[in-house]
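Residue numbers (the numbering used here): 34 to 293.
Don't take every hint at face value.
[To be verified] Label pairs and their calculated CB-CB ranges:
(1) E45 x E249: 48 to 58 Å
(2) E249 x S102: 27 to 37 Å
(3) R73 x D276: 32 to 42 Å
(4) A43 x R267: 48 to 58 Å
(5) R267 x N46: 49 to 59 Å
(6) S270 x K230: 19 to 29 Å
(7) Y266 x M127: 19 to 29 Å
[To be verified] Derived pair list, reagent style DSS-like, types lysine-lysine, alpha-carbon separation capped at 30 Å:
(8) K259 x K227
(9) K259 x K229
(10) K259 x K193
(11) K229 x K193
(12) K231 x K193
(13) K193 x K101
(14) K259 x K230
(15) K193 x K227
(16) K106 x K193
(17) K259 x K231
(18) K230 x K193
Source of the hints: derived by calculation from the structure; they are not laboratory data. Computed from a prediction, not measured in an experiment: that's the story for all the values here. All C-beta atoms, glycine included, are put in the ideal place defined by N, C-alpha and C.
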Amino acid sequence: MESEKKIRKAYENSDFLRSREGRSMRILSEFAEPQARFERLGLRDTIVMFGSARVPSAEEAQSESCDKSEDLKVMSHYYEAARELARRLSEWSMGLEDDPGRYVICTGGGPGIMEAANRGAREVGARTAGLTISLPREEFENTYVSEELAFEFHYFFMRKFWFTYLAKAVIAMPGGFGTLDELFELLTLVQTNKMKKKIPIVLFGSEFWDEVFNLETMVRHGTINKEDLDLFYRTDSVDAAYDYITDHLINGPPETGPVL
Numbered sequence: 034m035e036s037e038k039k040i041r042k043a044y045e046n047s048d049f050l051r052s053r054e055g056r057s058m059r060i061l062s063e064f065a066e067p068q069a070r071f072e073r074l075g076l077r078d079t080i081v082m083f084g085s086a087r088v089p090s091a092e093e094a095q096s097e098s099c100d101k102s103e104d105l106k107v108m109s110h111y112y113e114a115a116r117e118l119a120r121r122l123s124e125w126s127m128g129l130e131d132d133p134g135r136y137v138i139c140t141g142g143g144p145g146i147m148e149a150a151n152r153g154a155r156e157v158g159a160r161t162a163g164l165t166i167s168l169p170r171e172e173f174e175n176t177y178v179s180e181e182l183a184f185e186f187h188y189f190f191m192r193k194f195w196f197t198y199l200a201k202a203v204i205a206m207p208g209g210f211g212t213l214d215e216l217f218e219l220l221t222l223v224q225t226n227k228m229k230k231k232i233p234i235v236l237f238g239s240e241f242w243d244e245v246f247n248l249e250t251m252v253r254h255g256t257i258n259k260e261d262l263d264l265f266y267r268t269d270s271v272d273a274a275y276d277y278i279t280d281h282l283i284n285g286p287p288e289t290g291p292v293l
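Turn these sequences into a full structure, and let the hints steer you where they fit.
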């Protein structure tokens, strides 16, 4: 007896969904599924922290088994600064009388600086989000991301959309190409008024950022305006970064939820 042929609905056809023709469906899924989950969990506002996946904690840097370079071991103080800053911002957010826990620490969900920020938030019992990306050679996850707020993206541009869409403050710690990509796209959106909300952007680690780029050179050559340097705030102090962000959110916060 000839077996019955099973006819699959298009949305149950995994071969189609993984095909070139199904790409638009995959892209839409990376918009719709996070949106549904954020709405269900009541997450409307984030404080985003970018930074290198390679920077070790102070504990790891001091371990004999640490295989990091000496330069990276020295940078472990940035891990501890990110951890402390995220912890303090989370504690402040949880103490808001009108909307406790409104601002959630959000990272790329990986190791290094990202782990530090998620770790600091979890140490005071706060929720914390991680937007990971599937990469061929790196494992982008850490155990400090809240399980219900752990995401994995395939498309970088959809991941960056969700970083930006809910962000009410951004902190860029020392990092590599990924950090620079995320930072400059954000600065471009703010500079061109494609992003309607005015968010505080902190560049943490003046020595590092001064070596990586010299934006004053762009001002001198006329490729950006001098006023564009006011789009961000540089500091080496956890206290200063904390005060800058909380003062902005207390005295002039944007409306709750996405504003573009």
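Taking the hints in turn, this is what the structure says about them:
no. : hint                    : in the structure
1   : E45 x E249: 48 to 58 Å  : holds (57 Å)
2   : E249 x S102: 27 to 37 Å : holds (30 Å)
3   : R73 x D276: 32 to 42 Å  : holds (34 Å)
4   : A43 x R267: 48 to 58 Å  : holds (51 Å)
5   : R267 x N46: 49 to 59 Å  : holds (51 Å)
6   : S270 x K230: 19 to 29 Å : holds (25 Å)
7   : Y266 x M127: 19 to 29 Å : holds (24 Å)
8   : K259 x K227             : holds (20 Å)
9   : K259 x K229             : holds (21 Å)
10  : K259 x K193             : holds (27 Å)
11  : K229 x K193             : holds (17 Å)
12  : K231 x K193             : holds (17 Å)
13  : K193 x K101             : holds (28 Å)
14  : K259 x K230             : holds (21 Å)
15  : K193 x K227             : holds (14 Å)
16  : K106 x K193             : holds (29 Å)
17  : K259 x K231             : holds (18 Å)
18  : K230 x K193             : holds (16 Å)
In this structure, every one of the numbered hints holds.
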